[in-house]
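Number of protein chains: 4
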Amino acid sequence: MKNTATLLITCPDAKGIVAAIANFLHQHNANILHADQHQDAENNLFLMRVEWDLDQFNLDEARFSEHFNQVATQFDMTWQLKFSAQKPRLAIMVSQYDHCLVDLLHRHQAGELACEIPLIISNHRDTEALAAYYGIDFHHIPVTKETKATAEAAQFKLFDEYQVDLIVLARYMQILSADFITRYPQQVINIHHSFLPAFIGAKPYHRAFERGVKLIGATAHYVTEVLDEGPIIEQDIARISHRDQVEDLLQKGRDLERVVLSRAVRWHIDHRILTYANKTVVFD
Amino acid sequence: MKNTATLLITCPDAKGIVAAIANFLHQHNANILHADQHQDAENNLFLMRVEWDLDQFNLDEARFSEHFNQVATQFDMTWQLKFSAQKPRLAIMVSQYDHCLVDLLHRHQAGELACEIPLIISNHRDTEALAAYYGIDFHHIPVTKETKATAEAAQFKLFDEYQVDLIVLARYMQILSADFITRYPQQVINIHHSFLPAFIGAKPYHRAFERGVKLIGATAHYVTEVLDEGPIIEQDIARISHRDQVEDLLQKGRDLERVVLSRAVRWHIDHRILTYANKTVVFD
Amino acid sequence: MKNTATLLITCPDAKGIVAAIANFLHQHNANILHADQHQDAENNLFLMRVEWDLDQFNLDEARFSEHFNQVATQFDMTWQLKFSAQKPRLAIMVSQYDHCLVDLLHRHQAGELACEIPLIISNHRDTEALAAYYGIDFHHIPVTKETKATAEAAQFKLFDEYQVDLIVLARYMQILSADFITRYPQQVINIHHSFLPAFIGAKPYHRAFERGVKLIGATAHYVTEVLDEGPIIEQDIARISHRDQVEDLLQKGRDLERVVLSRAVRWHIDHRILTYANKTVVFD
Amino acid sequence: MKNTATLLITCPDAKGIVAAIANFLHQHNANILHADQHQDAENNLFLMRVEWDLDQFNLDEARFSEHFNQVATQFDMTWQLKFSAQKPRLAIMVSQYDHCLVDLLHRHQAGELACEIPLIISNHRDTEALAAYYGIDFHHIPVTKETKATAEAAQFKLFDEYQVDLIVLARYMQILSADFITRYPQQVINIHHSFLPAFIGAKPYHRAFERGVKLIGATAHYVTEVLDEGPIIEQDIARISHRDQVEDLLQKGRDLERVVLSRAVRWHIDHRILTYANKTVVFD
Chain C
100 MKNTATLLIT
110 CPDAKGIVAA
120 IANFLHQHNA
130 NILHADQHQD
140 AENNLFLMRV
150 EWDLDQFNLD
160 EARFSEHFNQ
170 VATQFDMTWQ
180 LKFSAQKPRL
190 AIMVSQYDHC
200 LVDLLHRHQA
210 GELACEIPLI
220 ISNHRDTEAL
230 AAYYGIDFHH
240 IPVTKETKAT
250 AEAAQFKLFD
260 EYQVDLIVLA
270 RYMQILSADF
280 ITRYPQQVIN
290 IHHSFLPAFI
300 GAKPYHRAFE
310 RGVKLIGATA
320 HYVTEVLDEG
330 PIIEQDIARI
340 SHRDQVEDLL
350 QKGRDLERVV
360 LSRAVRWHID
370 HRILTYANKT
380 VVFD
Chain G
100 MKNTATLLIT
110 CPDAKGIVAA
120 IANFLHQHNA
130 NILHADQHQD
140 AENNLFLMRV
150 EWDLDQFNLD
160 EARFSEHFNQ
170 VATQFDMTWQ
180 LKFSAQKPRL
190 AIMVSQYDHC
200 LVDLLHRHQA
210 GELACEIPLI
220 ISNHRDTEAL
230 AAYYGIDFHH
240 IPVTKETKAT
250 AEAAQFKLFD
260 EYQVDLIVLA
270 RYMQILSADF
280 ITRYPQQVIN
290 IHHSFLPAFI
300 GAKPYHRAFE
310 RGVKLIGATA
320 HYVTEVLDEG
330 PIIEQDIARI
340 SHRDQVEDLL
350 QKGRDLERVV
360 LSRAVRWHID
370 HRILTYANKT
380 VVFD
Chain P
100 MKNTATLLIT
110 CPDAKGIVAA
120 IANFLHQHNA
130 NILHADQHQD
140 AENNLFLMRV
150 EWDLDQFNLD
160 EARFSEHFNQ
170 VATQFDMTWQ
180 LKFSAQKPRL
190 AIMVSQYDHC
200 LVDLLHRHQA
210 GELACEIPLI
220 ISNHRDTEAL
230 AAYYGIDFHH
240 IPVTKETKAT
250 AEAAQFKLFD
260 EYQVDLIVLA
270 RYMQILSADF
280 ITRYPQQVIN
290 IHHSFLPAFI
300 GAKPYHRAFE
310 RGVKLIGATA
320 HYVTEVLDEG
330 PIIEQDIARI
340 SHRDQVEDLL
350 QKGRDLERVV
360 LSRAVRWHID
370 HRILTYANKT
380 VVFD
Chain U
100 MKNTATLLIT
110 CPDAKGIVAA
120 IANFLHQHNA
130 NILHADQHQD
140 AENNLFLMRV
150 EWDLDQFNLD
160 EARFSEHFNQ
170 VATQFDMTWQ
180 LKFSAQKPRL
190 AIMVSQYDHC
200 LVDLLHRHQA
210 GELACEIPLI
220 ISNHRDTEAL
230 AAYYGIDFHH
240 IPVTKETKAT
250 AEAAQFKLFD
260 EYQVDLIVLA
270 RYMQILSADF
280 ITRYPQQVIN
290 IHHSFLPAFI
300 GAKPYHRAFE
310 RGVKLIGATA
320 HYVTEVLDEG
330 PIIEQDIARI
340 SHRDQVEDLL
350 QKGRDLERVV
360 LSRAVRWHID
370 HRILTYANKT
380 VVFD
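Chains C, G, P and U, in that order, are what the protein sequence lines are.
Counting with this note's numbering, you get residues 100 to 383 for the letters of the first sequence.
Counting with this note's numbering, you get residues 100 to 383 for the letters of the second sequence.
Counting with this note's numbering, you get residues 100 to 383 for the letters of the third sequence.
Counting with this note's numbering, you get residues 100 to 383 for the letters of the fourth sequence.
In isolation and in its complexed conformation, chain C is listed as follows:
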């Protein structure tokens, strides 16, 4: 595993941006490993991801900021710098369906996810033994209409305590408050069990069955104030037929949810996602 830095940039499109960034990195002896860019002509936006080997790079984090600000100011850039050595810390929130949790924990153990997973929060106790098996702290915080505010306060406290960078809703069946969402912008990923924008809201598989669709889907997205309307990170589908009953949809859907959520989480922790205009750019 190489020791790398990743720079994510958004700015108005202009001539000379790539040259300016490439020169800056070259001057400081960066060995560029991956560079990917995207122009949105309609919005006149330039978006870039560049990752380089830190081996012979001659700036540390503080000095990078100091030096790079000149380039950034010139092109009116919004930028983030991420180091592969500083692994993002995840909290996973889950209710009773455990298939996404099982999947994330196994992938993490197998080395597929470059993050720490110090914390699992659930409003049920079903996944407690699993958390113990993987050696991860489990906190049971029941939620009712009346206790939601208190419960969320307890969750916020845990996120602070465990220094959480990303919250993954792995089939967590509670709707988050506006306060929760505002606190963690672009930091909460949800898996919705339909092909959004079809079947927003509750019981999408039941509604898919009723409508008689021939494909079902799953969507991973960042959570925003409007339910199931946040920027879509990834989607996938599975074929169904008239032979499939609702339970078959649920089962086939589980396979989708697992794969779609894990891809979205991996891209986030690898710093591959930029968002704008309620959309994502995924630099894969």
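Incorrect hints may have been included.
Intra- or inter-copy, both count: the list cannot distinguish identical chains.
Taking lysine-lysine and the BS3-like style, the derived pairs with C-alpha atoms no more than 25 angstroms apart in a straight line are [to be verified]:
#	residue 1	residue 2
1	Lys186	Lys256
2	Lys351	Lys101
3	Lys101	Lys114
4	Lys302	Lys351
5	Lys101	Lys244
Hints listed in this document are in silico derivations from the structure and should not be mistaken for laboratory results.
Starting from the known structure of chain C, fit chains G, P and U onto it as the hints suggest.
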């Protein structure tokens, strides 16, 4: 190509249906080629498709009806009998986008579609030369808000004249009147350029682009009174990314529309589709 | 969960088979839940799967055989009768890669697989803790060239002791002896990490990378004497690009292997598979 | 349609390449529209595609070469410069199956392919009327074992006469001579009707049917001296079942072949493909 008959049956589920049908066919010396059935437990429905070789079968159409009615009455069946020798006659309606029309005509010529295509109707003249190339009668019937009723009357006259069994809307960009739809129940197949029920109505690719979805779709369905709400026959999707602009969606979508519409048309003319509860059963 | 029986039949094609079977079942008061059949014209073969509710069925296993043999003899049938109440017993064999094992165990716990899993055998100790977590007996049987015969003898003993019906090679990296394969015909399912018949044998992902393919695959098949040449049960693929290194292929491949193997295992334990001419018929 | 230039570069990997190219383009007032690069660590190779708007660019073709050679020499680059205004000229070779030809001609007419198609060559007369419909010159050159050399000589003459840049084998069922292949390196694209490297050579669908695979495929590749072993450009697959006979495979395969070949052709004429080590890098 074998000379076959296909029986499509819907009835309340009960014991002994399969035995009754199998016995009836065996008594009359049918050699069953394909039999497929489906039970919908929730609606207590039994649906079946059975196709047999007519070679040594000892009933003609009139006598079949006479003899089979006893079985049908016993189980309260709704049934249709179709003969492979009587090819369905299609009218294709199209506006300016010709990709679905090109595809259907080429498949027909290649022997993929067991039907006649005697008639193409368009509200534009763009596809006239293509119709001529394939030797199919082309009728240009312009439609405006004011002339819609007259235009449809002319269309109905043509359908009668050409003895049309199925009307395929191959990107025909006019909304049919309630009268049209009522006249041809389960006889009009449309291709909608989205993954229904997402993006019902106009400009689905533009709306898909705005929403930032990661997959686009196409849906073939029977036309009913409610726009884009009829029984879905087939759907498929294509992957897109942030690099794809609206024009790319349109282009990738064309490939989907072609394949999805042609599958739906083939299943219809092969008598593989039964509908109930606004859904389809496709016996493939 | 209904209490059902499933009959799998293979015989020379002839008129009247379906009627004979349907009549037999109807006479004994079976409520048919699913019936599916297939004719192979080239080989003049008739294959059928029929499943019925045992609720009011008036024959037990012994008497079924006695009565059904008359029909079976008439049409020269090979048949098997399976009861949903008698769950197949699986042994899973695994080496160090545990992703397929994790997947099968979680699906089993989630109720997706109607079987018992009493036994895990491995030539390594890596999955011992996992087996313990799921409460399944784990046996460590190392294998070297010299000890293979002894190791297999120990395995056979365990299969007997645990009354195993199906052996699943969930990335078990040892080649089975001819003796092993002969003992358990159509009872050993393997997952091969390529799209067979491409890349038979060792290191398929490395060879796929070298060849520069744009898709990788996985194949579940019954094990026969010739390596990777047994009847194929299921296959699937994933798209790759020039950006994917061998490790990416390995990772994407793991997702394929999981899904493909679990489908094959499910179809086997649901008695949906018939084999002939080194192919499978999967009645889904 | 913008007036653009595209530069394709291959060179040993080194620090500063991106900066050097970006600076060069910036100095000459290029507005970069797309830039994509790939490093092959194993082979220590750097590959890049960069496309820019020619609107305010201040070098013409001759002066570009003169100025850019300094950069190229410094990094030991192999490079090609392509202008969107100079559309590649295609010859399509076809035998009797016309589905790929129909598809390419319709896509071309629909504006999907930024090329000229002045020439169709066939060893049969089946597609002559189609060529006439699209207004493309058709040359009938029969081929037998004895006349192959003469036939190819006639083909070469036509390629010269029509100034052909790319030869597309759209189900052309003759094997090209070594001489042919040597004359047009990386300029002949073939569609093979299997998932290579499975089923190399003749009758792949028949062999797929015999083997009992559950997926069939198609592969577009550059033609090299070894049959079906050239660099793979694109592949795709379709699901089949035991119900599909050889004719069904042929039909499903046609849909694959069309889509796969047209993607490969589009990428080639958009200058998106670099080849090395018998593989392709497709900058999409």
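Here is what the structure says about each hint:
In this homomeric assembly, lysine 186 and lysine 256 come within 25 angstroms of each other (Cα to Cα) only inside a single copy, at 21 angstroms, whereas the closest approach across copies is 48 angstroms. Proximity of lysine 351 to lysine 101 under the C-alpha cut-off of 25 angstroms is restricted to the inter-copy arrangement: shortest distance 21 angstroms between copies versus 37 angstroms within a copy. In this assembly of identical chains, the alpha carbons of lysine 101 and lysine 114 lie at most 25 angstroms apart only when taken from different copies (17 angstroms versus 32 angstroms within one copy). Taking the shortest alpha-carbon separations for lysine 302 and lysine 351, only the intra-copy value of 15 angstroms comes in at or below 25 angstroms, while the best inter-copy value is 30 angstroms.
Neither within a single protomer nor between protomers do lysine 101 and lysine 244 lie at most 25 angstroms apart by alpha-carbon distance, with minima of 47 angstroms and 38 angstroms respectively.
Hint 5 from the earlier list is the only one contradicted by this structure; the remaining hints agree with it.
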